[in-house]
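Q: Numbering follows numbering that gives the first Met the number 0, with no gaps: position 165 of the sequence shown is 164.
Don't take each hint at face value.
Listed next, the in silico DSSO-like pairs over lysine-lysine satisfying Cα-Cα at most 30 Å (straight line) [claimed, not checked]:
#, residue 1, residue 2
1, LYS140, LYS5
2, LYS157, LYS66
3, LYS40, LYS5
4, LYS3, LYS66
5, LYS157, LYS140
6, LYS140, LYS45
7, LYS40, LYS140
8, LYS5, LYS45
9, LYS45, LYS125
10, LYS140, LYS117
11, LYS3, LYS157
12, LYS157, LYS5
13, LYS5, LYS117
14, LYS45, LYS117
15, LYS45, LYS157
16, LYS157, LYS40
17, LYS3, LYS140
18, LYS5, LYS125
19, LYS45, LYS66
20, LYS3, LYS117
21, LYS40, LYS3
Per label pair, the in silico range of CB-to-CB distance [unchecked claim]:
#, residue 1, residue 2, range
22, ASN166, ILE92, 20 to 28 Å
23, ILE24, PHE167, 19 to 27 Å
24, SER116, VAL6, 38 to 46 Å
25, ALA88, ILE1, 17 to 25 Å
26, LYS3, ALA88, 22 to 30 Å
27, ASN67, PRO134, 30 to 38 Å
28, GLU2, VAL150, 37 to 45 Å
29, LYS45, ILE1, 22 to 30 Å
30, LYS66, ASN153, 32 to 40 Å
Worth flagging that the hints you see were computed from the coordinates, not collected in a lab. These numbers come from a predicted model, not from an experiment. Every residue gets a Cβ at the ideal spot worked out from N, C-alpha and C, and that includes glycine.
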Amino acid sequence: MIEKLKVQLKSHLRETQSNLNATLIPSSVIVLIISANSTYKILFNKRTNDVQDHKGEISFPGGRMDKNDLDLLSTALREFEEEMGISYANIDIIGRLSDVPTSSNYLITPYVATTNSKLNFSPNPKEVDLIIEIPINELMKQENLRSEFRVTNNEPLKYNCYSYRGNFIWGATARILTELLTMIERE
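Take these sequences, add in the hints, and give me the full structure.
A: Right under this line is the structure:
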């Protein structure tokens, strides 16, 4: 699965131009696929109520770009290490998904990574309330898929949301997840 996904991500990156808008705050995340015992899981975290934005929401590890970051990939890796308490040397970046704008004025660049290692996370208690690993096959089940409707510029838009064992994934995180799951499903 991972090798085919790498090929799709490389092809997708060539087709996709970053649409960074000067009014949006550049940020990036790591979408980590964990391979363990022939099961693939995706890593999420539940944000604390102490963070500035998106309090209590389920998200991918990541955050806004700092002036010292070389690029958005270094932002994602730095934030991954800060939030999850584990070196990014334990993960392999295999590609990138489309940029996703948020209603809170961020433009998120998602990087897909993999690991075969058993990771011993030590999450930052100021930022991460809970670490969540969800099997990809569970995320692809229809009973875990929900629809969300938003009105933007007087146009109703439908988005996918995901629900798994009391965890609700919506918004930009769900849009990123939908793109990844669509690529995996094409295999």
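Q: Could you check the structure against the hints above and give me the numbers of any it violates, in ascending order?
A: Numbers 2, 4, 18, 24, in rising order.
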